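Taking our numbering, the leading residue of the sequence shown gets 251, the next gets one more, and so forth.
Simulated from the structure, these hints should not be mistaken for laboratory data. For clarity, every value in this text was computed on a predicted model and none was experimentally measured. Possibly wrong hints are sitting among the right ones.
[Said to hold, decoys possible] Straight-line distance between alpha carbons at most 27 Å, and here's what the computed BS3-like set of lysine-lysine pairs gives:
1) K521 / K536
2) K304 / K536
3) K421 / K498
4) K498 / K515
5) K435 / K422
6) K422 / K350
7) K305 / K536
8) K498 / K394
9) K370 / K394
10) K350 / K421
11) K422 / K394
12) K515 / K350
13) K422 / K498
14) K435 / K515
15) K515 / K305
16) K279 / K350
17) K272 / K515
18) K370 / K272
19) K435 / K416
20) K422 / K266
21) K515 / K370
22) K421 / K272
23) K266 / K421
24) K266 / K498
25) K370 / K521
26) K266 / K416
27) K370 / K435
28) K498 / K279
29) K416 / K272
30) K350 / K416
31) K394 / K435
32) K394 / K253
33) K350 / K394
34) K370 / K416
35) K554 / K304
36) K435 / K272
[Unchecked claim] DEER-style ranges, computed between Cβ atoms:
37) R260 / Y517: 38 to 48 Å
38) K422 / W545: 17 to 27 Å
39) G483 / E505: 12 to 22 Å
40) F256 / S359: 32 to 42 Å
C-beta: ideal position from N, C-alpha, C; glycine also.
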Amino acid sequence: MKKTLFNLLRDIYYMKICILIKLISPLNKGADILARFMGLLRYHAGYIGQKNGKKYFLNIISESLPHLSQNQTENILREFWISHQRFFLELFFFMNLNEKFVSESVTFSGLEHLDAAISKGNGAVLAVPHMGNERLIHLALAIKRYPIAVITGDFTGAGPFVRHVKLQSTKKFHPFFFPDDSPRKFIRFITTNNAVLQISPPADPVKKETRINFLGHQIMVSPAAFRIARQAGVPLVPALCLRRGIQKFEIYFHEQLNFDAQYDKSYNYQKEMNFLYQWYESFIRKYPDQFNWIWLATRINFAKTDYTPDV
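Model the full assembly from the supplied sequences, consistent with the hints where possible.
Here it is in structure tokens:
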């Protein structure tokens, strides 16, 4: 009953935001002012639906970046919540994403690495962190006419309107898969179309996770991107997206990571994952407000309890 009521209220909230977004131009300061207002509310209220409040996240940031003062740590958390709300509002803005916006507002750094990866004709896998706006990566590449799909959460626990918004913003531009889909579908899509497959951070389709050190913490993360790339025999390309101002973005691509030709189910990808997350960490230390600290908190808890999520 409580969940049904929560989903109903959430659906209504999304409907109100959807109407409001239609009245705001994505290129003016109105959307940013709204994001700042909503972000400051979340900064004081914490993560709705979770028992972890402001102090909890301040402790995690402080432990991750111990060289910072308390004021700096509080500022990072404040700016994170504002960035978090920008990400939320962009879900609605990006439903009308077009070529003009991508050409004027998105800068690509290292795109030649992705081009090199798919030049062999077999496709590639994109591994991206919860940072900036990872959704924009696959949408912008689709608009640039790269054959691409994403593995996304299925949002079956959400209300019908919330689920529609989250999936429609992707469906409009390119195909998508769910974590429970057969890996054969992912691999067939990649290799048949010389396509790019991006794996959304909360939708890694592997239940068995690997323990790594990240930002001074032991965390549990999924090696799904590595497993799929290796099983398909294609390169893995690390990528991430940062904000560079109001509705300005920069998407970074790292040089491709290659694997041995033989696929081995028992391989745990510890070495490769440490390298990947060190690359992420180099950006997080420079732009900590754009990193999703909720994701890190969740992964720390998984490591402490040895809990392995379904997705």
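How the hints compare with the structure:
Restraint check for K521 and K536: the C-alpha separation of about 24 Å stays at or below 27 Å, so the hint holds. A threshold of 27 Å between alpha carbons decides the hint, and for K304 with K536 the separation of about 22 Å falls inside it, so the pair holds. At roughly 23 Å between alpha-carbon atoms, K421 and K498 fall within 27 Å of each other, so this suggested pair holds. Proximity of K498 to K515 is assessed by CA-CA distance (about 41 Å); at most 27 Å being required, the pair is judged violated.
With a C-alpha separation of about 20 Å, the suggested pair K435 and K422 falls inside the 27 Å cut-off, and the hint holds. Proposed proximity of K422 and K350 is supported: the alpha carbons are some 17 Å apart, at most 27 Å. Of the pairs offered as hints, the one joining K305 and K536 holds, with about 22 Å between alpha carbons and a cut-off of 27 Å not exceeded. In summary, the hint linking K498 to K394 is supported, as the alpha carbons are separated by about 17 Å, within the 27 Å threshold.
At most 27 Å may separate the alpha-carbon atoms for a hinted pair to count; K370 and K394 meet this at roughly 19 Å. Distance hint between K350 and K421 is fulfilled; the C-alpha atoms sit about 20 Å from each other, no more than 27 Å. For the given pair, K422 sits about 14 Å from K394 by alpha-carbon distance, which is consistent with the 27 Å threshold. For a cut-off of 27 Å, the pair hint linking K515 to K350 is broken: about 44 Å separates their Cα positions.
Note on K422 and K498: the hinted pairing holds, with a Cα-Cα distance of about 22 Å set against a maximum of 27 Å. Taking the CA atoms of K435 and K515, the gap is near 18 Å; set against the 27 Å cutoff, the hint holds. Our distance criterion of 27 Å between C-alpha atoms is broken by K515 and K305, whose separation comes to about 41 Å. Straight-line distance between C-alpha atoms of K279 and K350 comes to about 19 Å, which keeps the hinted pair within the 27 Å bound.
For the hint linking K272 to K515, the alpha-carbon distance of about 48 Å lies beyond 27 Å, and the restraint is violated. This hinted pair does not check out: K370 and K272 have alpha carbons roughly 42 Å apart, beyond 27 Å. Straight-line distance between C-alpha atoms of K435 and K416 comes to about 22 Å, which keeps the hinted pair within the 27 Å bound. For the given pair, K422 sits about 21 Å from K266 by alpha-carbon distance, which is consistent with the 27 Å threshold.
Restraint check for K515 and K370: satisfied, since their Cα atoms lie roughly 24 Å apart, inside the 27 Å limit. Annotation: proposed proximity of K421 to K272 holds, straight-line Cα distance about 20 Å (limit 27 Å). Between K266 and K421 the CA atoms are separated by roughly 22 Å; this keeps the pair inside 27 Å, and the hint holds. Straight-line distance between C-alpha atoms of K266 and K498 comes to about 25 Å, which keeps the hinted pair within the 27 Å bound.
Annotation: proposed proximity of K370 to K521 holds, straight-line Cα distance about 25 Å (limit 27 Å). About 15 Å separates the Cα atoms of K266 and K416, which keeps this hinted pair within 27 Å; it holds. In summary, the hint linking K370 to K435 is supported, as the alpha carbons are separated by about 20 Å, within the 27 Å threshold. A hinted pair counts as satisfied when its Cα atoms are at most 27 Å apart, and K498 with K279 qualifies at roughly 12 Å.
Under the criterion of a C-alpha separation no larger than 27 Å, the hint pairing K416 with K272 is consistent with the structure, at around 17 Å. The suggested pairing of K350 with K416 holds, with an alpha-carbon distance near 23 Å, which does not exceed 27 Å. Distance hint between K394 and K435 is fulfilled; the C-alpha atoms sit about 24 Å from each other, no more than 27 Å. Simply put, K394 and K253 have alpha-carbon atoms about 40 Å apart, too far for the 27 Å limit, and the pair is violated.
In summary, the hint linking K350 to K394 is supported, as the alpha carbons are separated by about 11 Å, within the 27 Å threshold. Only pairs whose Cα atoms come within 27 Å are accepted, and K370 paired with K416 is rejected, the gap being roughly 33 Å. Using a Cα cut-off of 27 Å, the hinted pair K554 and K304 holds, with the two alpha carbons roughly 20 Å apart. Among the hinted pairs, K435 with K272 is inconsistent with the structure: their alpha-carbon atoms are about 36 Å apart, more than 27 Å.
Under the hint 38 to 48 Å, the C-beta atoms of R260 and Y517, about 40 Å apart, fit the expected range. In this structure the hint that K422 and W545 lie 17 to 27 Å apart at CB holds, the actual value being about 26 Å. Against the hinted window of 12 to 22 Å, the Cβ-Cβ separation of G483 and E505 comes to about 18 Å, which satisfies the hint. Between F256 and S359 the CB atoms are about 40 Å apart, so this pair conforms to the stated range of 32 to 42 Å.
Of the numbered hints stated above, those contradicted by the structure are hints 4, 12, 15, 17, 18, 32, 34 and 36, listed in ascending order.
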